[in-house]
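Trainee: For the record, the sequence lines run as chains H and X. Each residue of the first sequence is one higher than the one before, counting from 1 in our numbering. Each residue of the second sequence is one higher than the one before, counting from 1 in our numbering.
Simulated from the structure, these hints should not be mistaken for lab results. Any given hint might turn out to be false.
To be verified - To give an idea of the interface, some chain H residues facing chain X are shown, with a C-beta separation under 8 angstroms as derived from the structure: (1) 14; (2) 19; (3) 58; (4) 62.
Virtual Cβ for every residue (Gly too), placed ideally from N, Cα, C.
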Amino acid sequence: MAGKSNVKIHIKTEWCKGCVICVEYCPTDVLAMRNGKAYVKDITKCTACELCEIRCPDFAITVLYDKSEK
Amino acid sequence: MFEYEKYIRKNKFPLVWCSGCGDGIVLKALLRAIDSIGLEKENVCMVSGIGCSSRLTGYVDCNTLHTTHGRAITFATGIKMAKPELNVIVITGDGDATAIGGNHYIHAARRNIDLTVIIFNNFIYGMTGGQVSPTTPVGMLASTAPFGNMENTFNISGLAQAAGASFVARGTVYHTVMLEKLIKKAILKNGFSVVEVLSPCPTAFGRRNKSGTIIDMMNEQKDNCVTSARAERMSERELEGKTVIGELVNIDRPECSKQYRKLIERCRSGL
Chain H
1 MAGKSNVKIH IKTEWCKGCV ICVEYCPTDV LAMRNGKAYV KDITKCTACE
51 LCEIRCPDFA ITVLYDKSEK
Chain X
1 MFEYEKYIRK NKFPLVWCSG CGDGIVLKAL LRAIDSIGLE KENVCMVSGI
51 GCSSRLTGYV DCNTLHTTHG RAITFATGIK MAKPELNVIV ITGDGDATAI
101 GGNHYIHAAR RNIDLTVIIF NNFIYGMTGG QVSPTTPVGM LASTAPFGNM
151 ENTFNISGLA QAAGASFVAR GTVYHTVMLE KLIKKAILKN GFSVVEVLSP
201 CPTAFGRRNK SGTIIDMMNE QKDNCVTSAR AERMSERELE GKTVIGELVN
251 IDRPECSKQY RKLIERCRSG L
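Go ahead and model the full structure; you've got the sequences and the hints to work with.
Mentor: What follows is the structure in structure tokens.
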């Protein structure tokens, strides 16, 4: 599935506890772990489904995108 | 994106909960539910007892009250009786609500007072070191059950239903979108509303019972839960070992704080 063009994922590393929930449940394999924290591996695959944002227990992930783009 | 910052006390972050604890997921679902209803922060009052889950009130920027063990529903009852216009939300855990506060829980359901009770069921006393709680499944290890728990468990939702609650639902941290909808319905319902949230504890429960990581525990929820609508079409045998999630009870009964106002009116008008 092609990702959205103008999506940004912001990860607040100081709040991330490295639980891996976001990485495991990302349907398009956008996120990965580095030094015990989540990071954005490949933003081009992101479809802005926001599953990582709603499942992150630590309020560390914010998905930003232009909602007008389909 | 959702603007959680509008509702949180940012200076209290990061959250105290362990890595992988689902309580943060429930907090987010609760904030989204409050936002989608359009409640003003000053019209919401959150009351919690003691336990991991009850730390939640410290992070929410509304009227909050962190009370004594098992007595969250008691304090909340007082608030609702005095100020019925407030949306009172009780945050409690399985031990807090059904062991220490068990009596308050069933009697609040009996009175059918308009509270929304969110019970974080992690099957253990997580904060105090993993003691057996009334919901610890039979055979599971706990610090006070080194050879496995031998006691039968409470069905939190069934208990509320039997005691007379207006709205009872069960959700999980895996089914996050559904959880938000259930919490929203519970807040909007006039009467005693319970949402039991299965929020696995990877530290005190998972590690001791070799349940794997939080991912394994959430995948188990994904595999073992059936919605109440689907469960209606399943036989008892098919339902064995499954957990029914979704809306379980939704009935209308006279609500306590309203009945109280009516009584005051009646007394003032000379009976």
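Trainee: Does each hint hold? Answer for all of them.
Mentor: Evaluated hints:
1. Restraint check, residue 14 of chain H versus chain X: the minimum CB separation of about 7 angstroms is within 8 angstroms; hint holds.
2. At about 4 angstroms, the closest approach between the beta carbon of residue 19 of chain H and any beta carbon in chain X falls short of 8 angstroms, and the interface hint on this residue holds.
3. Look at residue 58 of chain H: its Cβ gets to within about 6 angstroms of chain X, closer than 8 angstroms, so that hint holds up.
4. For residue 62 of chain H, the interface hint holds, since its Cβ comes within 8 angstroms of a Cβ in chain X; the closest pair sits about 5 angstroms apart.
Figure legend: structure checked against the earlier numbered hints; every hint is met.
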